[in-house]
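K.L.:
Sequence:
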Amino acid sequence: VGYGDISPKSWEGRLVAIIYMPLGTIVIMGGLLEPVGSCLSKLDHLNASIICSLRDCYVQAKRWAMARSDLVAALAVRTQVSGRPGQRFLLQRLFGPDVEVGPALAHLHAMLSTVWLAIAGMFIMIVRGDTTALDALYFSTTSITTIGYGDMLPRTEAEKAVTTLFLLFGATALAVMVGRLQTIRVSRRIFLK
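Start counting the sequence shown at 753; every next residue gets the next number (the numbering used here).
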């Protein structure tokens, strides 16, 4: 992320940065990939548990509504009989058995970790006390996407340390999200042929 607060001024410094940045990134991410991946995996399983709970609540509400309305029940039965079986995706929960969900919940699951981390990034900036929620979301988004315009910076050493961890998790979660959404899209295209 190039926030612009520190940058090489000479051509020699820029040449060293060109060589160091890719190598440094590989070395640092190589060492941190396993713990970051493990934490994101736990968050992923927690997200699956949340989605399963939401789905279970929806199913219960639908059953309750269908029990109260003959018309809704008749429409639901007709749709179930005439519709072809939908594509299913397997989610691993934090606790309990794996569960199958449809495409909408698979998309939500793919995006949820990045959303939680964006909220965490907002919290980092809001704790400072001089940042609005919109500015905090802006900081979080520009950081996760590795744009970093440099107009909002962590100031203290503690903020810089927390932001560094946030960037590791946020950028990784964003990359995972994009990969999953692409996989779902390709899978849907194959399924619908």
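Keep in mind that the hints were calculated from the coordinates and are not lab data.
Here a beta-carbon is modelled for each residue, glycine too, at the ideal position from N, C-alpha and C.
Some clues are possibly wrong.
[To be verified] Pairwise CB distance ranges (calculated):
(1) 768 <-> 902: 33 to 39 Å
(2) 773 <-> 846: 47 to 53 Å
(3) 944 <-> 772: 28 to 34 Å
(4) 766 <-> 805: 47 to 53 Å
(5) 844 <-> 770: 24 to 30 Å
(6) 817 <-> 791: 38 to 44 Å
K.L.:
Hint by hint, say whether it matches the structure.
P.N.:
Against the structure, the hints come out as follows:
{"no.": "1", "hint": "768 <-> 902: 33 to 39 Å", "in the structure": "violated, 21 Å"}
{"no.": "2", "hint": "773 <-> 846: 47 to 53 Å", "in the structure": "violated, 36 Å"}
{"no.": "3", "hint": "944 <-> 772: 28 to 34 Å", "in the structure": "violated, 47 Å"}
{"no.": "4", "hint": "766 <-> 805: 47 to 53 Å", "in the structure": "holds, 51 Å"}
{"no.": "5", "hint": "844 <-> 770: 24 to 30 Å", "in the structure": "violated, 41 Å"}
{"no.": "6", "hint": "817 <-> 791: 38 to 44 Å", "in the structure": "holds, 39 Å"}
Hint check: violations occur at hints 1, 2, 3 and 5; the rest are consistent with the structure.
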